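Novice: Residue numbers (our numbering), protein chains in the order written: chain A, 67 to 353; chain B, 2 to 373; chain C, 19 to 296.
No lab work stands behind these hints, which were simulated from the structure alone.
Since we're looking at a predicted model, the values are computed, not measured.
Heads up, the beta-carbon is just placed ideally off N, CA and C, and yes, glycines get one too.
Honestly, I wouldn't trust all of these hints.
Computed, partial: chain C to chain B, Cβ under 7 Å [unchecked claim]: (1) P182; (2) N183; (3) M189; (4) L191; (5) N194; (6) A196; (7) M206.
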Amino acid sequence: MHARLSPPRSFLRGIPITIWLLALVLGPLALTFLMSFYSTDGMLIIRRFTLASYARFFTDPLYFSILVKSMALALVIAVLAILTAYPLAYLVSFRLRRGKQLLFMLSIIPLWVSYLVRIIAWRTILGNKGVLNSFLLAVGVIREPLSFLLYNRFAVAITLTYICIPFVFIPVFTALEKIPRNLQEAAGDLGAGELRTFLNVVLPLSLPGLVTGFIFAFIIALGDYIIPLQLGGTQGIMFGNLIWSQFGFAFNWPLGAALGFILFGISVAILALTSRFGTTEGGFLSE
Amino acid sequence: MGEELAIELRGVKKAFDEVVAVQRFDAGIRKGEFFSLLGPSGCGKTTTLRMIAGLEEPSEGEILLEGREVSRVPAHKRNVHTVFQDYALFPHMDARRNVWFPLKMQGVSLAEAGERIRRVLRLVSMEGFERRLPQQLSGGQRQRIALARSLVDSPAALLLDEPLGALDFKLRVAMQKVLKDIQRGVGITFIYVTHDQTEALTMSDRIAVMKGGHVHQIGTPDEIYNTPATAFVASFIGDMNFLRGRLSAREGPTCTVEVEGETIRAGRCPPQVKPDEEVLLSVRTERVQVNPFRATEHTVSGTVRRIVYRGTDFEATCSFGAQEIRSVVNAVNWDPKLRQGEQVAIGFAAADVSLFPRTQESEIIQYSTEAV
Amino acid sequence: MSSVSAFARRRGLGLKLYGLAVYLFLYFPLAIVLIFSFSPTKTMVGMQGITLRWYQELFADAGLLAALLHSLLIGLAAVSIAVVLGVAGAFFVTRVHFPGKQAFRTLVLLPYILPGIIMGISLLIFIRNLGIKLSWFTVLLGHVSFTVPVVMFQIIARIVRLGPNYQAAAMDLGANPAQTFWYVTLPMIRTAIVGAALLAFTVSFDEIVISFFLTGSAWMTLPVFIYGMLRFGLSPKVYAISTIILLFSLVLVILMARYTGRTGEVQAVRKRRGDGVD
């Protein structure tokens with residue numbers, strides 16, 4: 067059916083969601099945008115237009131460099147997540163006959179099972195007295211606990227990758243599942259072995275799902291501040307920490323708003339890429 | 002079949018933004034008639050059906066139901082029901098409750114409706130299936146439940162949107178008979194959308210042939226088949242030869258045409274074509290004889306290009322000058338000595354020849370590799 | 019020929035081993051938490067028997083139990099609101115034609131896909147500007163912000179999957195729009211609503227970032243409370259409550275899978291794909 071305007075009465079059912087959108091999404095974001103143009107004087111917020119906060123971000127080398135480092139780390143994390151999750155999705159989608167549902171569930175259960183608990187688990191594993199160190203000591207591989215496991219970028223990377231794996235798995239798996247199996251047979255019939263079929267048929271067709279997964283992982287990694295706070299130490303500070311600290315003792319809400327809005331801008335720009343190159347948004351919210 | 006009109010369409014037009022789906026539909030469908038809308042996909046037949054059902058509103062024109070103007074009346078207030086192509090049985094209700102639904106909407110309780118439900122299930126031969134859920138039924142069974150559901154409250158007309166499309170051939174033929182019997186038995190008006198011309202010819206009292214939103218012809222199967230109004234109708238129904246020629250002269254109702262150097266008399270001439278204009282000559286393949294026993298009114302010579310065996314008959318494609326003409330001959334009458342490359346006599350009668358303006362050539366349905 | 023199949027089998031085996039390794043990697047941390055919750059020692063060197071002491075201490079911790087209750091209440095409240103808003107919104111987006119629909123959908127999705135910190139600070143700024151004090155109410159507002167997209171998009175997916183014909187058929191058979199909604203549409207999306215509610219509840223129960231920003235000093239949800247516990251280091255009580263959360267979430271996820279068409283969707287996609295058998 068061609069698009070046309072619906073009768074006015076049917077717009078009534080859109081009122082609740084529009085009110086919600088204005089009150090809890092657009093309103094807050096707009097006010098944050100506004101706040102980013104204010105400044106502080108001690109504990110008071112001066113509500114006069116100024117670009118001081120944004121200037122601070124661009125001039126102070128610390129802020130900018132942390133943003134760049136965060137983006138780089140997020141990139142690495144996204145890549146690691148893909149390298150881990152894609153083969154898994156391929157395995158479950160293409161190599162299994164029975165038990166596909168079960169393994170799909172197994173792959174995404176970590177996603178729904180408490181973010182915080184997963185962080186606690188990794189702190190346990192990576193600490194000086196942690197599981198990994200204790201094991202290596204007990205086995206005799208090392209004589210002293212490895213201190214580089216925790217409170218640095220490595221810990222942040224491995225934990226965030228762990229968090230992101232299910233986020234990559236879902237869109238990739240969905241994309242792989244949509245590929246008609248007789249394409250594979252056709253390729254084989256035309257002389258392509260499994261690797262060639264994968265590179266020429268499966269991989270290109272699964273690209274939208276891969277792009278979506280990559281972008282989700284990137285955004286999650288970029289915007290996280292709890293993991294860097296818990297496991298990053300001083301080395302592992304990410305951009306999210308900078309934002310968060312403005313709302314704590316530093317009490318520089320305008321700066322926090324400016325930094326937050328910069329993060330918002332980057333996130334939205336990257337998410338816009340999903341609609342162009344990736345699968346439909348909300349991919350893992352659909353059934 | 003009564004003389005009163007069950008459904009009337011007056012100047013009905015439907016446009017979606019710039020695309021005109023239905024150009025102008027004028028028709029009066031009689032009570033108890035089996036009326037088909039026939040045409041290729043995209044011709045507007047389904048849109049027309051939906052407008053009658055009330056699922057679409059016409060851009061122009063009026064639709065009358067039993068004399069009442071209903072163009073702006075919403076679907077749920079109209080006394081017609083649709084049998085959808087995918088049946089649209091409610092999956093969360095068993096067969097009995099599905100059939101009960103229209104009565105329920107009128108305030109009839111399940112208990113009160115019991116007898117009517119039983120009767121209509123008997124009509125479609127689905128007694129005993131009351132408790133089955135749609136997913137437990139086969140395609141043909143689902144279709145009969147959908148039919149029962151649409152008949153249970155005796156609507157003024159039943160609208161069917163290619164209901165047999167999803168069935169395989171043998172089942173489809175069987176269901177055609179079932180549908181026709183039910184329609185005759187109940188005496189209800191059927192409006193039947195299909196792209197299958199055999200189906201339309203077999204079942205209908207009258208057919209409206211459509212293409213690109215235009216109604217080319219409304220008539221009985223005999224009229225559609227033997228006196229097609231346009232080249233499109235001629236090509237869409239049955240198997241038709243088309244030859245290019247030039248009109249020589251008119252002689253009363255008939256006229257003569259120049260084709261490949263031969264002068265052919267045609268039994269039906271369109272009034273708008275003048276002498277010396279280019280025309281299309283059409284003659285049914287089964288009316289063309291190869292090496293006929295008895296003399297035919299017209300005989301031209303040609304060479305056999307291809308012979309195809311089709312089980313019940315043979316199709317011989319012969320060259321005729323620079324053009325081709327096909328003859329379909331019953332297997333019983335086929336001359337087994339006929340070979341490719343032979344020179345033959347091709348015969349047909351003037352009464353079987355119809356003419357169409359050359360301008361209609363683009364509308365002909367052809368099945369050639371180029372089109373694909 | 020045999021070498022090719024042997025190679026193929028080896029390749030297949032390689033991928034399977036890899037898959038196993040990934041699953042071990044995914045579940046190893048969770049298993050650690052589970053194990054440590056039963057360990058009597060405070061250090062992490064070897065197990066010395068099993069104890070339920072930490073669980074017992076949990077039940078004695080009034081603050082924790084209160085936080086648990088708060089999380090449950092917030093979850094129920096937020097999900098209830100989200101279901102009403104989300105179902106209405108889903109029908110609005112799927113049935114009503116208006117320009118800019120894609121942009122609208124993206125805007126609704128924002129609270130869910132944006133990093134929590136952005137929504138956290140935005141809502142905080144917004145609430146403070148309105149002069150509202152931080153309390154359970156502000157936490158509820160925060161939870162409503164990200165649960166609505168969860169519900170709405172799940173319902174949209176189900177509506178799309180059902181197709182428009184059922185609605186047309188109902189109306190054609192004499193049901194007015196209200197009757198169509200009540201007798202046909204609603205029953206057909208019922209399981210989707212339950213599944214979406216479970217999903218939204220799971221997200222809400224686990225949420226920490228927005229909750230942290232919007233919480234008053236004393237009134238905490240469970241994740242915020244546990245986060246506070248972490249400031250004193252990793253005590254075994256943390257493992258105990260973590261294990262409980264793990265199991266609770268697991269139950270929710272399994273229930274959710276039963277109700278949403280996820281597995282059903284896998285089947286439907288497989289049929290469409292031409293697998294043949296199935």
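Novice: So which of the earlier hints does this model not fit?
Specialist: 1, 6
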